[in-house]
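full-length UniProt numbering applies: residue 1 is where the sequence shown begins, and numbers increase by one.
A few of these clues could be false.
Okay, the calculated beta carbon distance ranges per label pair [said to hold, decoys possible]:
no. : residue 1 : residue 2 : range
1   : D76       : N47       : 31 to 39 Å
2   : H57       : S104      : 30 to 38 Å
3   : S56       : L4        : 53 to 61 Å
4   : S104      : I75       : 28 to 36 Å
5   : S56       : E7        : 55 to 63 Å
6   : N47       : K88       : 15 to 23 Å
7   : K88       : L45       : 14 to 22 Å
8   : D76       : S104      : 30 to 38 Å
9   : Q85       : M62       : 15 to 23 Å
10  : L45       : I75       : 12 to 20 Å
11  : N47       : I75       : 19 to 27 Å
Hint data in this document are derived by calculation from the structure and do not stem from the laboratory. We treat Cβ as the ideally placed atom computed from N, Cα and C, and that holds for glycine.
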Amino acid sequence: MAHLPAERTNIEFPFDTGVDYAGPIMIADRKGREKSKWYMQQRELTNGTMALIKDSHAPPLMWLLGRIARIIPGIDGIARVVDIQTKKGVIRRAFNTICPLPISS
1 MAHLPAERTN
11 IEFPFDTGVD
21 YAGPIMIADR
31 KGREKSKWYM
41 QQRELTNGTM
51 ALIKDSHAPP
61 LMWLLGRIAR
71 IIPGIDGIAR
81 VVDIQTKKGV
91 IRRAFNTICP
101 LPISS
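Taking the hints into account, I'd like the entire structure generated from these sequences.
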């Protein structure tokens, strides 16, 4: 093997590491703000609303269709659970596992 030139034998890092200036600025900019995803207004679920029941093991076209029979409030007074009447009977599900259908009358 041939000998390497002297300038190639010095230990050098392949790149320089620096400070990420955008990171702290973005953190300071968002400090004190509420999460934007909670600003979205959702319609109120009521008895009689048609809804699809999400199923992680089935495609969306195979989800059960039902009508909200009862809204169940929690200890804090906020409703997070509903009973849904389907062709298979009454099923109790959380709000985040149902998709209310936008039906205009």
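Against the structure, the hints:
Against the hinted window of 31 to 39 Å, the Cβ-Cβ separation of D76 and N47 comes to about 21 Å, which falls outside the hint. Between H57 and S104 the Cβ separation comes to about 31 Å, which falls inside the hinted range of 30 to 38 Å. About 59 Å separates the C-beta atoms of S56 and L4, a value consistent with the hinted range of 53 to 61 Å. Checked against the given bound of 28 to 36 Å, the beta carbons of S104 and I75, roughly 35 Å apart, stay inside it.
Remark: the range hint 55 to 63 Å for S56 to E7 is upheld by a beta-carbon distance near 60 Å. Taken as a hint, the range 15 to 23 Å holds for the pair N47 and K88, whose Cβ atoms sit roughly 19 Å apart. As the Cβ distance of K88 to L45 is approximately 21 Å, the hint placing it in 14 to 22 Å holds. Look at D76 against S104: about 32 Å separates their beta carbons, and that is inside 30 to 38 Å.
Separation of Q85 from M62 is about 19 Å and conforms to the stated range, judged on CB atoms against 15 to 23 Å. Between L45 and I75, the C-beta spacing of about 19 Å keeps the proposed range 12 to 20 Å intact. With their beta carbons about 21 Å apart, N47 and I75 fall inside the hinted range of 19 to 27 Å.
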